[in-house]
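Each protein sequence line maps, in turn, to chains A, B and C. FYI, the numbering for the first sequence is 1 to 335, going by the working numbering. FYI, the numbering for the second sequence is 1001 to 1734, going by the working numbering. FYI, the numbering for the third sequence is 2001 to 2180, going by the working numbering.
Careful, some of the hints might be misleading.
Taking lysine-lysine and the DSBU-like style, the derived pairs with C-alpha atoms no more than 30 Å apart in a straight line are [to be verified]:
1) K2/A / K1392/B
2) K2156/C / K1246/B
3) K2164/C / K2/A
4) K1246/B / K2050/C
5) K1059/B / K1548/B
6) K1435/B / K1367/B
7) K1548/B / K2156/C
8) K1227/B / K1275/B
Worth flagging that the hints you see were computed from the coordinates, not collected in a lab. Bear in mind that the values here come from a model prediction, so they are computed numbers and not experimental data.
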Amino acid sequence: MKEELLVTARGNELIDPSLHIWTWEVAMYLFLGGLTAGVMVFAALMTVLNKDEEAPFAAKRLALLAPLVLSAGMTTLFLDLEHKLFVYRFYTSFQITSPMSWGAWILVVIYPISIMQILSTFRSGYGFFAGFADRMTIGREILDFCERYRRQIAMVAIPFATALGIYTGILLSAFGARPFWNSGVLGPLFLVSGMSTAAALVALIARHHSEKALFTRIDLGLIVVEIALVALFLINLATGTGQQIDALQSVLGGPYTLVFWVLFVGIGLLIPLLLETLEITGVSKKLAMLAPILVLFGGYALRQIMLDAGQESSWTHYDTQYNSELLERLHEENP
Amino acid sequence: MKRREFIKLSSAASAGAVVSPALMLGGCVSKPLPGTGTVTSTPTVCDMCFWKCAGDVYKEDGELWKITGNPDDLHSGGRLCTRGTGGPGAYLDRDRLRKPLMRVTVDGRQTFQEVSWDEALQFIATKMQGIADTVGPERMALLHHGAGGHHFLHLLRAFGSDSHAEPAFAQCRGPRDVGFRLTFGESASSPERTDMANARCIVLLGSHIGENLHNGQVQTLAEAINKDATLITVDPRFSVPAGKSKHWLPIKPGTDIALLLGWMNVVIEEELYDKDYVERYTIGFEQLAAHVRQYTPEWVFLETGIRPDVIRETAREMGKAAPATVVHPGRHATWYGDDTQRSRAVAILNTLLGSWNREGGFYIPEKVDMPHYPLPDYPKPKFKTGDAYPDKWPFASQGVTNGVIEASIGDDAFFKGWMVYGTNLPQTIPGAVDKLRAAADSLDLVVVVETMPSEMTGYADVILPECTFLERYDDIRNSGERHPSLALRMPAFEPLHESKPGWWIAKQLGERLGLRHYFPWNDYADKLDWELRQVGSSLEEMQKIGVKNFPRKRPLYFLEGQNVRFFTPSRKIELYSQQLADKGFDPMPVYTPPEPVPSGYYRLNYGRMPAHTFGKTTNNPLLFQLAPENQLWVNPLVANEHGLASGEYVRLASREGAISSKIRVRVTERIGPDSVFMAHGFGHKSKRLRLTAGAGADDSELMTNIKVDPIMGGTGMRGNFVTFVRQPGEGGAA
Amino acid sequence: MTRFAMVIDTRTCIGCGDCVVACKTENNVPEGLNRDWVVEATSGTYPDLKTEFRSERCNHCSNPTCVTLCPTGASHLWKDTNIVLVEPEKCTGCKACIAACPYDARLVMHPDGYIDKCTFCHHRVEKGMDPACVSSCPTRCMHFGSLDDPSSEVSKLLKTREYKVLSPETGNEPNVYYLL
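All chains, full assembly: derive it from the sequences and hints.
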């Protein structure tokens, strides 16, 4: 028998009995960040590939969602900060070794690019609102400018949005202290998952059947890639260090097994894969609306499970001799 | 699942903290570094346990900051232990007693009511005077523990009673001190006079130094380890020192005397003993040699489970290192009821090795020769404490607390009044709650002087709140030890609330009893100053330095070939004790096998944890957050059999049916499959101890099978058997 | 750069927790929170056993991932040393450093909300004193000093005794050493 025991009571909030610093706010931010990346990439790709006809929604209107979704994500991220008033401190320096600092600055670049992306198809996508802008000289000039450089803006958007998508994964994988996250596959996996959710979103809300079908096919391909990346991720951990092998147990029999395999892999990947295959092959279109919803759900589930299982994975595995709940008595008026 | 629930709870709490806008604005700014304010310090002598280490109380900008060891204090090596460092918690404890309380009956129900000091003191004085007038002052007894008890002993002696007892005797070190005194004519002292720092071989029998934090003992044991001394630990449990030992002997519980006799056998048979020492200083060697001949290692093996080759090897290690071998006398020695005899065996083995008062064995303690403040002689009492329990325990050299309690029950009981100072009897006297209740019902007066609302205060007629050691003067520390020294305890703060120093309480009572001439000082400082001036110091000097070291006047060890007159009837070290024989006891230690463990039961082993001084410190907020509960150690085989897992809570039932509070299970290999273990001092029932109430279990309430030592009255506590009980709806992980 | 190290002798550590209380009082660490702690590691089967006590805290790593992953520079090195400190005035409470520490040595300082940790008592080190935990240890099993000075006690101990650090595979190059 091997015992490793904390013999002095320790009740450090958010750390004991196991790390739980980040909750749904951060998972939601990672999900929405990935979705934003996918949204921008698809909007840009449709422009670069001249798909205004085949995918009118994605090419002309989709981009509007990027800043909205991203802002929602930023809001949840902000909710997570222990010191909300000091959020500006992210922008008082640039720390080259910190993915989080990179992320903070990428967001600064992403916002103007995504606004320009919107404006570049504003007249064709949102004619009614563009009419207001066109009444002012400055508005007209800006819209003219963005339309003129629509293609160039899209070309710039693709690498930055991709960086955003990958960053949401690297943010976690950079933490060598959390063996479950410590895999290079996490960046591509989060990017592909983000794109998959964006494709699902288009399939869900685009009006034309042809566009829905196009994005269902794209999503299908992305789901296949994502499954491969999930497999790579698991193999990566399984063939890694002792700590990574230990960490992997949390989804192979450990506390996250059920949610990982049922909620994420089953409901978030395999069922949509089946439904979308049925849809594309024309066998059944009955549940066509369900697949993209499941993909979006799966995208969130992936982040939440990764976040939770990763935080619980650690280099140190100390049991505690004491019931930490007793320490709450210190803070009670009348325990 | 509970684990996640806890997480939710704490994150909800933190979310609450974050939402508050004031907190959002208040934080995230640098705080000044510790010690950048105005720092002052006051000397103290720690009262977190009985070791009396000197320290300095630091204040920053008038607020209590920390207590650290006084670097000049050789008694403590300049360092405090965990509890001493946690001393600020005693002062800051929000559950401290604040005002005098008196038992009153309101609407037919008894309750405590806050009263003025004057009312409380006058009530006590009247009652005491009544006892003196009707049955005599000797019927008033003091039960005490700790340095401040002296004020009340003085009061009682002035009053005409010398009846007093401290559980430190019959519940702790009594058998050891009596055993050593019967052998050497002197006790092992406190602090123990072991010369471990210079020892080449140290033998610990059930003495878990390190789990108990007897500061000087811990420090000198560490020094010995650093110097690669051979450590031999005899303990059925893999104790902390067992883990540091070259030889760990996981002995069958209760068979220590067999092992000691076996070691004597080897030491004598193989002529490892110090012939010159034995010849010069002892009587009874021939009888001893004949007596131990029967206890061969092979015979010992059958009793103790320790292999004969291990017994021989360890005996040779002791012999090789002798006289620099300490067979440690231990401290808490009341185990199986034959404890005086076991302590005698330890003393005899040390004698054979020639280690008593030899370098690396034991040293000769020395105090500072400081006169006491001149006071009138005490009146001569008609009775001594022991007259309350005649024909019992002829070698009890101090009052026997369990004897006093029993002599306080019933209308015709010997004692009519108690003053209880600093000792929580319900947790201290094993299985005595019923007797305490009966005694409290019989007694005319029970006064409890305490800093904390311990369980004992629940038995009181009057509760007097004493201030903590950080708020008072007590007597100068002057204990017999290697380096004679004096140390001062003085107030670092004014007493909080309406608490008062013990000396003040004793003086106030004395004055109300017409004993003013025994308390001629206005402030205890006056008394201390007078005494200090007799040895060339002064209160003013001590307030600056805290500790004053004095040169030794006598040698630390016996000189080579020195003739010594021991304080025994024969003036020799008595290997054979005629004193014991005269009273019908075995003149040399004899082994009696322990009661076997009944099927389905486990031996209840108990001990200490370094964070706490029994139940005295468990409510201290600094120490509570270090160690908030005790655990029940259970061997994995036993856990398996009973389906127990670490972290779950169980109760224990003694063979005689006592049921404990809930205790958290720790499944560990550090205990064998025949026993369970818990640290003493938890399972408080007093709700007014808000941090510690109900945390952990109390071993003493499971002690329903007490073996009283017929020689000196010690309550043997290790013969208790327990099993697990799980009540419906209880248990499960936490 | 001065590399400070703590060297703790597991032979004489008894796991008493004095270091923990000394840290709490010296640094006024809020109730219930801890910058250091004691671990007991027991292996074997009764009666063939081994127990080790370790007083643990921030390792003040030579390659501190908590510093490299901090997005604002709040986690930084004190002066030209390996002592890792947090500048509350730069901290956002993003908690990246907590996740970045393989030793779980960082904590949120509630109610103030910034991240806190062991400072090696740099306020004492600056005055030539040992950290509070080292100064309090009753068995004197803890030692502190500079590894750049070959004559320092810590350098000598690491030269003459067998030792280990916790999880060296992290690559963080911890500077709290345990003598075996």
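Flag every earlier hint the structure violates by its number, smallest first.
Per hint list: 1, 6 and 7 violated.
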